[in-house]
Amino acid sequence: MKLIYRLAVRLCLVLLPIMALWVWLFYASMVDEINDEVDDALEDYSELIVIRMMAGQELPGLNDGSNNSYSITPVDERYVASRPMIDYRDAEVYIPEKKETEPARMLTTIFRDDAGQFYELRVSTPSFEKDDLLRTAAYWAVFLYLFLLLTVLGLTLLVFQRNLRPLYVLLRWLDDYHPGTGNRPVPNDTTIAEFRRLNVAAQEALDRSEALHEQQKQFIGNASHELQTPLAVLGARLEWLLDGPDVNERQAGEIIQMQRTLSHIVRLNRTLLLLTKIDNNQFPENSDVDIAALVREQAELCGEIYASRGLVCSPALPGSFTVRMNESLASVLVTNLVKNAYLHSEPGTRIDIRIEGRMLTVSNEGGEALDGERIFERFYQGSKKEGSTGLGLALVRAVANYYALEVGYRFENGRHVFSVTWP
Amino acid sequence: MKILIVEDEPSLREVMKRTLVREGYVVETAGTFAEADDKLAAYAYDCILLDIMLPDGNGLNLLERIKSEGKRENVIIISARGAMEDKVAGLDLGADDYLPKPFHMMELSARIRSVARRSQNGGQRGFTQGNVYLDPERGVVQVNGVTLELLKKEFDILSYFLQRPGHTIDKAVLAEAVWGDHVDQADDFSFVYAQIRNLRRKLEKAGATVEIRSLYNFGYKMVVLDT
Numbered sequence: 008m009k010l011i012y013r014l015a016v017r018l019c020l021v022l023l024p025i026m027a028l029w030v031w032l033f034y035a036s037m038v039d040e041i042n043d044e045v046d047d048a049l050e051d052y053s054e055l056i057v058i059r060m061m062a063g064q065e066l067p068g069l070n071d072g073s074n075n076s077y078s079i080t081p082v083d084e085r086y087v088a089s090r091p092m093i094d095y096r097d098a099e100v101y102i103p104e105k106k107e108t109e110p111a112r113m114l115t116t117i118f119r120d121d122a123g124q125f126y127e128l129r130v131s132t133p134s135f136e137k138d139d140l141l142r143t144a145a146y147w148a149v150f151l152y153l154f155l156l157l158t159v160l161g162l163t164l165l166v167f168q169r170n171l172r173p174l175y176v177l178l179r180w181l182d183d184y185h186p187g188t189g190n191r192p193v194p195n196d197t198t199i200a201e202f203r204r205l206n207v208a209a210q211e212a213l214d215r216s217e218a219l220h221e222q223q224k225q226f227i228g229n230a231s232h233e234l235q236t237p238l239a240v241l242g243a244r245l246e247w248l249l250d251g252p253d254v255n256e257r258q259a260g261e262i263i264q265m266q267r268t269l270s271h272i273v274r275l276n277r278t279l280l281l282l283t284k285i286d287n288n289q290f291p292e293n294s295d296v297d298i299a300a301l302v303r304e305q306a307e308l309c310g311e312i313y314a315s316r317g318l319v320c321s322p323a324l325p326g327s328f329t330v331r332m333n334e335s336l337a338s339v340l341v342t343n344l345v346k347n348a349y350l351h352s353e354p355g356t357r358i359d360i361r362i363e364g365r366m367l368t369v370s371n372e373g374g375e376a377l378d379g380e381r382i383f384e385r386f387y388q389g390s391k392k393e394g395s396t397g398l399g400l401a402l403v404r405a406v407a408n409y410y411a412l413e414v415g416y417r418f419e420n421g422r423h424v425f426s427v428t429w430p
Numbered sequence: 042m043k044i045l046i047v048e049d050e051p052s053l054r055e056v057m058k059r060t061l062v063r064e065g066y067v068v069e070t071a072g073t074f075a076e077a078d079d080k081l082a083a084y085a086y087d088c089i090l091l092d093i094m095l096p097d098g099n100g101l102n103l104l105e106r107i108k109s110e111g112k113r114e115n116v117i118i119i120s121a122r123g124a125m126e127d128k129v130a131g132l133d134l135g136a137d138d139y140l141p142k143p144f145h146m147m148e149l150s151a152r153i154r155s156v157a158r159r160s161q162n163g164g165q166r167g168f169t170q171g172n173v174y175l176d177p178e179r180g181v182v183q184v185n186g187v188t189l190e191l192l193k194k195e196f197d198i199l200s201y202f203l204q205r206p207g208h209t210i211d212k213a214v215l216a217e218a219v220w221g222d223h224v225d226q227a228d229d230f231s232f233v234y235a236q237i238r239n240l241r242r243k244l245e246k247a248g249a250t251v252e253i254r255s256l257y258n259f260g261y262k263m264v265v266l267d268t
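Sequences listed follow chains Y and P, in order. For the first sequence, position 367 (counting from the first letter as 1) is numbered 374 according to the working numbering, and the numbering increases by one without interruption. For the second sequence, position 19 (counting from the first letter as 1) is numbered 60 according to the working numbering, and the numbering increases by one without interruption.
None of these hints come from the bench; they were simulated from the model. All figures in this text were calculated on a predicted structure; none of them were measured in a lab. Just so you know, not all the hints are guaranteed correct.
[What the hints assert, rightly or not] To give a feel for the contact side, a few chain Y residues facing chain P, derived at Cβ under 7 Å:
no.	residue
1	Gly242
2	Glu246
3	Ile263
4	Glu311
[Unchecked claim] With a Cα cut of at most 16 Å, we get these calculated EDC-like pairs of lysine to aspartate or glutamate:
no.	chain 1	residue 1	chain 2	residue 2
5	P	Lys194	Y	Glu304
6	Y	Lys224	Y	Glu307
7	P	Lys243	P	Asp225
8	P	Lys193	Y	Asp286
9	P	Lys112	P	Glu148
10	Y	Lys284	Y	Asp196
11	Y	Lys284	Y	Glu334
12	P	Lys128	P	Glu105
13	P	Lys193	Y	Glu304
14	P	Lys58	Y	Asp250
15	P	Lys262	Y	Asp295
16	P	Lys262	Y	Glu311
17	Y	Lys137	Y	Glu40
18	P	Lys194	Y	Glu311
19	Y	Lys137	Y	Asp39
20	P	Lys193	Y	Glu311
21	P	Lys194	Y	Glu50
Each residue gets a CB set at the ideal place from its N, CA and C atoms; glycine is no exception.
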């Protein structure tokens with residue numbers, strides 16, 4: 008989830024309860040204020056009635072168009088003791104002029120005339136519809152919520168984008184970065200302290216990893232070079248032994264086995280050197296290479312070498328497929344892919360090689376899917392094969408990386424499918 | 042034929058010398074740039090095997106000096122640095138061949154023979170064993186002066202054997218030399234055997250006095266038959 012979306016969702020969620028609380032408080036204080044006003048009016052009205060009654064003056068008419076109403080009921084002392092002197096509440100009152108019941112505010116009070124008789128006076132005045140008010144308030148609150156939300160989100164996005172620009176510059180830079188491809192400095196043209204620190208930290212981490220990468224490359228290269236001479240000595244001595252006059256068959260067999268093991272080491276060493284050279288970009292000369300011809304040639308060669316396995320292979324290739332590459336690297340790429348398929352095929356199975364568009368696909372039968380991530384790693388082997396360097400597919404990937412080719416592995420219908428796509 | 046080995050690793054120097062002496066060459070050795078320089082100043086050699094990385098100098102400089110002085114020595118560079126640039130630089134400076142370490146001694150003597158052959162003007166350009174003659178440049182094989190038609194792989198195999206007479210040749214090494222680097226993981230070498238069988242039949246039919254013998258199930262050796 009992008010940071011900006013997360014922020015938006017959080018803002019929406021936080022604003023929601025706050026707005027609900029706000030609506031409730033607004034409504035409560037509104038109702039309170041109105042009741043206060045109405046109660047004052049009722050009090051004045053009740054005072055007027057009581058004064059008139061005590062003075063023996065005429066009481067106000069019941070139907071004077073104000074919708075106010077009152078009633079005076081004599082009550083005994085016991086009742087008086089159980090009631091408060093003055094009481095305000097909401098009530099439903101029947102209004103004869105309208106012939107309907109309406110919400111009203113009612114004041115109940117008790118007074119005593121000169122004769123000592125207690126009376127209960129009820130005064131009421133039509134009030135407002137509380138449901139209506141609540142609905143209106145809620146409606147406006149929702150409106151306000153949406154309005155606020157849009158404003159807040161818009162502002163946040165604007166501020167976010169303005170201020171986090173250096174972060175996105177850094178992220179884009181990291182996306183474009185490939186280890187071992189020189190040291191393009193991390194852009195650091197911001198004045199924000201935190202981002203400056205982040206950029207500096209990123210630069211330091213990259214410098215460190217570049218240095219390590221370089222060291223590792225050099226180490227592999229140097230180690231391989233240093234091994235060349237001792238290997239040459241060993242090989243020469245074995246040859247000397249083998250060509251000697253007094254060697255018997257058993258000894259000759261052993262010596263030849265040693266020579267074969269030695270040539271395995273030599274091959275391994277040579278391949279490591281090749282990988283180092285590819286990593287060091289030491290293959291500058293490019294020419295037009297016909298991949299189709301290379302594939303055809305290699306398939307034929309493998310067909311001859313692995314003839315005893317009875318593999319079936321009829322490559323579906325166009326007349327030619329020319330790409331711009333270093334010739335020996337193109338050969339490394341093609342031969343390792345094709346050889347890999349032949350090597351790991353059970354006898355009598357089918358190998359499928361085709362070039363479609365700008366994609367070379369090589370597939371062979373296999374029991375179960377391999378780890379697509381690790382299969383191109385150095386020395387990763389699904390099953391240990393005698394004489395295998397475990398570097399074939401690593402070479403394929405190294406060449407592919409060198410030319411920014413897309414190399415892929417998938418397991419489909421019981422077949423291992425390797426593909427290389429030229430851009 | 043007189044050979045100078047310029048190589049700083051004593052063990053390799055010693056075994057190279059021993060092997061080449063057995064091949065019938067006169068061999069001198071030098072372990073440092075200075076020693077090699079002294080020997081080159083004092084004596085003449087037919088072929089110099091030159092390591093590039095010497096403790097006290099770069100072999101390429103030595104090569105430069107040899108060529109600038111107009112000496113006629115053949116130079117084969119033997120280097121642990123398989124780097125393309127070294128090879129190109131070496132050949133540009135007038136080296137006759139370039140052999141990256143580690144190499145087979147058999148390969149080295151084949152290269153020496155080949156370099157010597159190229160520098161001998163007027164002599165036969167090809168290789169001869171018994172009554173079999175092979176010219177690698179023209180792609181011609183003759184038995185007793187009569188041209189023998191061979192397929193490409195058969196020709197390559199015969200050429201390989203003719204350049205290494207009397208040596209025990211491992212099937213795997215032969216396969217790699219003829220079929221390329223990628224035979225390293227072959228299950229068996231029946232494809233080598235098939236070619237050898239055809240080649241033997243053709244040689245026998247033509248009345249060749251050489252024979253490719255199987256040795257201990259592992260390899261072959263070309264021998265010249267007594268006539």
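Hints and how they fare:
| no. | hint | result |
| --- | --- | --- |
| 1 | Gly242 | 5 Å, holds |
| 2 | Glu246 | 5 Å, holds |
| 3 | Ile263 | 4 Å, holds |
| 4 | Glu311 | 5 Å, holds |
| 5 | Lys194/P <-> Glu304/Y | 15 Å, holds |
| 6 | Lys224/Y <-> Glu307/Y | 35 Å, violated |
| 7 | Lys243/P <-> Asp225/P | 28 Å, violated |
| 8 | Lys193/P <-> Asp286/Y | 36 Å, violated |
| 9 | Lys112/P <-> Glu148/P | 25 Å, violated |
| 10 | Lys284/Y <-> Asp196/Y | 36 Å, violated |
| 11 | Lys284/Y <-> Glu334/Y | 15 Å, holds |
| 12 | Lys128/P <-> Glu105/P | 14 Å, holds |
| 13 | Lys193/P <-> Glu304/Y | 15 Å, holds |
| 14 | Lys58/P <-> Asp250/Y | 15 Å, holds |
| 15 | Lys262/P <-> Asp295/Y | 42 Å, violated |
| 16 | Lys262/P <-> Glu311/Y | 23 Å, violated |
| 17 | Lys137/Y <-> Glu40/Y | 13 Å, holds |
| 18 | Lys194/P <-> Glu311/Y | 12 Å, holds |
| 19 | Lys137/Y <-> Asp39/Y | 11 Å, holds |
| 20 | Lys193/P <-> Glu311/Y | 14 Å, holds |
| 21 | Lys194/P <-> Glu50/Y | 125 Å, violated |
In summary, the numbered hints that this structure violates are 6, 7, 8, 9, 10, 15, 16 and 21.
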